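Asker: Order-wise, the sequence lines are chains A and B.
Numbering follows our numbering, with no gaps: position 42 of the first sequence is 32.
Numbering follows our numbering, with no gaps: position 106 of the second sequence is 854.
Since the hints were derived computationally from the structure, they do not count as laboratory data.
Nothing here was measured: the structure is a model prediction, and the numbers come from that model.
No false leads were slipped in.
Cross-link-like lysine-lysine pairs, in silico, DSS-like; alpha carbons within 30 Å at most:
1) A:Lys61 x A:Lys47
2) B:Lys790 x B:Lys805
3) A:Lys47 x B:Lys790
4) B:Lys790 x A:Lys60
5) B:Lys790 x B:Lys855
6) B:Lys790 x B:Lys806
7) B:Lys790 x A:Lys(-1)
8) A:Lys60 x A:Lys47
9) A:Lys73 x B:Lys790
10) A:Lys(-1) x A:Lys61
11) A:Lys(-1) x B:Lys855
12) A:Lys60 x A:Lys73
13) A:Lys(-1) x A:Lys73
14) A:Lys4 x B:Lys790
15) A:Lys60 x A:Lys4
16) B:Lys817 x B:Lys805
17) B:Lys826 x B:Lys855
18) B:Lys859 x B:Lys826
19) B:Lys855 x A:Lys73
20) B:Lys826 x B:Lys805
21) A:Lys47 x A:Lys4
22) A:Lys61 x B:Lys790
23) A:Lys(-1) x A:Lys47
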Amino acid sequence: DGGITQSPKYLFRKEGQNVTLSCEQNLNHDAMYWYRQDPGQGLRLIYYSQIVNDFQKGDIAEGYSVSREKKESFPLTVTSAQKNPTAFYLCASIPSTTGAGYGYTFGSGTRLTVV
Amino acid sequence: ILNVEQSPQSLHVQEGDSTNFTCSFPSSNFYALHWYRWETAKSPEALFVMTLNGDEKKKGRISATLNTKEGYSYLYIKGSQPEDSATYLCAFFWDSNYQLIWGAGTKLIIKP
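Sequences and hints are given; from them, build the entire structure.
Answerer: Below, the structure written as structure tokens:
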């Protein structure tokens, strides 16, 4: 079955450490997104990519980096510059870059905790 | 600042009862309104994508309406069942941007 796979499910980061969250899709979708969820808040966009080798900052990109070397993969690195990284991270995709009419497909998320 | 408001924040409903909740969004530059269901330990799942004022969509016991002129959408659940327990998210697509603006969700708990 097609879908989005996020790994790991749980991740613990030490202070000053960079960590990378994986997001892989086999849906042949063009556009991919990274969201962060904090308690009591709506999903906030970190980065998105509409095409291979191109990506755009979202509302809260500081302290994060991404790459899109392959259509099916959109990893997110949480760098040591991100001062409050403890959150739940969701990856999503849609078939086309003209996205208003498509429902998003989501992965099951990664919970990142700073220890 | 664009904002999407969902109310109530949480809701306890007796099994078998019907319920509804609200998503409010800016009424200008409207492109689409999305509804998602997010069950615990699962991925959010798209329920409806609505693009036209007056749209009404239905999926089983769940339906949604859209009023783009006044900036609100209602989600209705008829005859609630335990499997309806989830957080229901709405998201607003404005202008030709590729970004959705998300509400914080309504957490629905069905009491047997």
